[in-house]
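Residues per chain, in single letters:
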Amino acid sequence: MIDWEAVWLSVRLAAATTVILVMLGMPIAYWLARTRRPWRPFVEALVALPLILPPTVLGFYLLVAMGPEGPLGALWAGATGGRLAFSFEGLLVASVIYSMPFAVQPFSVAFAAVDRSLLEVAWTLGRSGPATFLRVVMPMSAGGILTGMVLTFAHTLGEFGVVLMVGGSVPGETRTVSIAIYDRVQALDYAGAAATALPLLFASFAVLALTYGLRGLTVVPWPARR
Amino acid sequence: MAGPTLTVEVERRFGRGPAITAAFDVDLEGGGTLVLFGPSGSGKTTILRCLAGLEQPDRGRIAADDETWFDAQARIDLPPQRRRVGYLPQGFALFPHLDVRSNIAFGMGGTPAAEREWRIAELVRLLRLDGLEARRAGQLSGGQQQRVALARALARGPRLLLLDEPLSALDTPTRETLRGDLRRLLAASGVPAIVVTHDRSEAIVLGDRVAVIADGAILQIGPLLEVFDQPVDETAARIVGVETVLPAQVIAAAEGLLRLRIGTAELLAVGESPIGADVLVSIRAEDVILVADAVGTSGGVSARNRLAGTVVSIEPAGPLVRVHLDCGFPLVAAVTRPALEELGLHPDRPVSIILKAPSVHVIG
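In the order they appear, the protein sequences are chains A and B. Residue numbers in the first sequence follow this note's numbering, run continuously in steps of one, and reach 226 at the last position. Residue numbers in the second sequence follow this note's numbering, run continuously in steps of one, and reach 364 at the last position.
The hints are simulated quantities; they were obtained by calculation from the structure and are not laboratory data. Just so you know, even glycine gets a beta-carbon here, dropped at the ideal spot from N, CA and C. Treat the hints loosely; a few may be bogus.
[Stated by the list, open to error] Rough simulated footprint, nothing fancy, chain B against chain A, three-plus residues with beta-carbon under 8 angstroms: (1) 113-124; (2) 149-158.
[As the list claims (entries may be wrong)] Label-pair distances were calculated between CB atoms; the ranges are: (3) B:Thr68 <-> A:Ser204: 53 to 63 angstroms; (4) B:Ala169 <-> A:Ala79: 55 to 65 angstroms; (5) B:Pro274 <-> A:Arg40: 23 to 33 angstroms; (6) B:Gly142 <-> A:Arg37: 52 to 62 angstroms; (7) B:Pro274 <-> A:Gly213: 30 to 40 angstroms; (8) A:Thr35 <-> B:Ala169: 51 to 61 angstroms; (9) A:Ala142 <-> B:Asp278: 47 to 57 angstroms; (10) A:Thr35 <-> B:Arg59: 18 to 28 angstroms; (11) B:Ala169 <-> A:Ala142: 21 to 31 angstroms; (12) A:Trp39 <-> B:Asp215: 33 to 43 angstroms; (13) A:Thr35 <-> B:Asp130: 55 to 65 angstroms; (14) A:Ser128 <-> B:Asp278: 38 to 48 angstroms; (15) A:Ser128 <-> B:Gly131: 29 to 39 angstroms; (16) B:Ala169 <-> A:Leu146: 26 to 36 angstroms.
Looking at chain B on its own, in the form it has when it is part of the complex (with noise of 0.2 angstroms):
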């Protein structure tokens, strides 16, 4: 990379437990969220928090561009103090003694106070938090409270976010939606993000880039789509699961439906979006069905989308098969051993494809 970068190599162990290594590099300039992502228990906290400082590694080094914040070896170890990350812990751990304001102004100590005014009332409306100021975090939706937690972290002009679960704390339905709010809040503040999540939909949402982490140790870092469609092994598909995930389209959109285009297909989704944008979409291996004869292209069918395909491969995961297709776009479909002799699937065949509106899943 040839701005500045982040480069992490490091070693942390707990007791006899596995040790927790993580080596990637993080560019510092113009923005990008990477995505820590992996089952409870992986090590992706461990690694977030010896970013911050606040956990010391047992070996290895981390630089930001020329200032070294740790390294083993020469004894260096930067106090979170001095590393001007933002960080966001689980729960968002706003001051509760303190109004929004007087959080949002915690880490401007040094900053003259005609600027920290400009650059409160810049962060407030950034963060859509106009009228909040006075209020205290206990006041606060859930949704109140990561903004607030985003501005303070903000306000010190960090050169990098790192946050820790940032949607685990919200309930289901406020989740959902905050999270294409937190990744277009992530994009404004222009500076890089480090992700921490357990949720397959929270880093597809929020992730430029992913690393899939299981039992302390990536196992895969790459672009979203790489690591969601080409997982490196057995364990790194296990963890991203099932899912195919495509760049699309949008082309129509009306009464809460959108006509999307994938490869060289038209697909229809349940959702909101501008025509013309790009999203991604992700599809169940699950949800898809496969029919042996060829389905008609108008009626007999409540699902909306109805594709022409072939088999393009077969392998076993399991009790299920994956069936990998071509339907002008490549697609994954989960189907059960006596289904799969039932309709006397094998390499190029010709199938149709059966897919549920509200199963073609936007994001973005």
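Extracted from the complex, chain A is given alone in its bound form (with noise of 0.2 angstroms):
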């Protein structure tokens, strides 16, 4: 018996995190790649952070961020009247900070791959920065941009720790498939848990075995650059 609003929810979990962090992650990673900025170490851990750090421990800070009294949840609820942790808005704020290097690493790598001497070209040739971004970066990262967008969907769809921190499990909010299978898992119902997992498992390994095999592409976790 597959819990479908979890798997639902899940999936619309990680299409918006996928959609946010390549319109938030591209500008990041485009500077990360480019700029000779002496505080570019400092940002580049900070977007590495969710690596290391334990899922709680994030999960933590961003749930106090995220109460009535923190900076986040205050933010929000001067704006929308509403809570934002344990709803689907803060599981997604924390999605998106929680797979920020998933995105960004593939991306930067990406970008930095690109020759500079093709940009300089591009502008003598009367393109813009953005025309140039948009006409040569973008298709000459385009693996690497999928490859982001894959491992921050696959990603989030597996992501726990932080889930269970800010978002609890509120049955269509915030209950996403792993936090369902825990539950379920913590009922002793075993086979309802596996009804849940073996679809996950599986549905990850074909996205990833596809997304490998249309574009030959090894990935390894941040790199040493350069």
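Using the supplied hints, reconstruct the complex from the two chains, each of which is provided in its own coordinate frame.
The structure is reproduced here in structure tokens:
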């Protein structure tokens, strides 16, 4: 018996996170790939922090920030009147932060691989910075962008610790697939857990295999640059 | 200069290294190529990048006719998009994700479709790219890549072409054939060009004017023959090399051999050029053999060129000495000191000069 409500929630969360991280992650990644500013390592470290921080630690701080007294929570309440913690929106904010390195890192590696002289030629041919990004950088980085999107989607789908901390287990609102499986295991419903876990396993594997097969890409988590 | 002129006077510093300074004019009318010639690291590329707007000088001014491109004092810095220059970086930087046609059309965004088609067709014909339009950069030879890069740069109708080491990315035999090709294409484009090179033969083939650059400064700038035959000082002479460069005319051509008239003398050379063509020849001083006694005009020596001449002057050049000769045209020979003594060379002494036909390098 698959918990379809949880599956649908996870897919929505992963899709929304991916869309936001494409828009938000690309400028950050491009800045990281091109800048020579001295504070670049700090931005890089900040983006990569979710990779090594225990999800509970990240989740704890996010929960505090999203609570009614926290800056994010207060801001959200002021704008919408609603509650950010234990809501889908709060979960989305947490996912964006938690999955950021999985988008920014492949984007940035791909952007950095585009030879600077190609950009310079585009400028002398009259193309503006944004036009050059659209016509040269983006198409040449298609593989890295696709990889970042797939990794973001898959990683959000499998997210657990942060969701548990900031989302709890509100059915249809914050109870994702991984939470639903956890709840069933807690209730000693192993058959129910397996019914939901197995499709997740196969779906994740299939998406990754398809992506790697299509692009012939290899992704190493946060490699040393250049 | 009367017509529209590019005036350059810039200074650029990197850290604690020597400042790179350049001051020169380029005629923006009627084509012609200025070669920035000097060893690697002398600052040639930096000057070119300052002109393209890809690097900012620390001081100075660049103006094309009445349009100011850069002025440090007035804080004017026209972006590369608005300078209308055709820039060919080292290695050409063709867009690898686009085919030849899209590469050429890349800078023609604002051009109406009909005019764009017509212009691309014209460039494809001029640069002999017929049949290659659908290929990607990776499927082109080095020479084809160069022609695509040139077509792409010309597509926007630039007022100036900037080429950074245009032949260095090619392998040696290709490079030699493409030198003359590039010269003809640049001439056919009618657009003035500034070419950066560290290669002496490239400078000789491509340049109408040459600027000799060392340690960030222009040592000498002038017409090609003047720079190569009358270096202003020892550094310039060391850079341009011990070569005699002379204008010549082809008076006969057969079986890969050319008979050339140079001054009042005639020389046999290896090469392919039509009869009547005006060419340049370069002769390395090391290849010139001096003989004390008169050599008969026939037999005894395999070398095809035997000339009678007189010593004009002798100057030391490291372990060798440079002997300036007059043999119907001015010629420099480099010989060792023992040879100098053995031959008893001194000014006004008549000598015989022997030159193998392959040592007479024909350019153009």
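Practice problem: Would you list, in rising numerical order, the hints stated earlier that this structure does not obey? | Solution: 2, 5, 6, 7, 8 and 13
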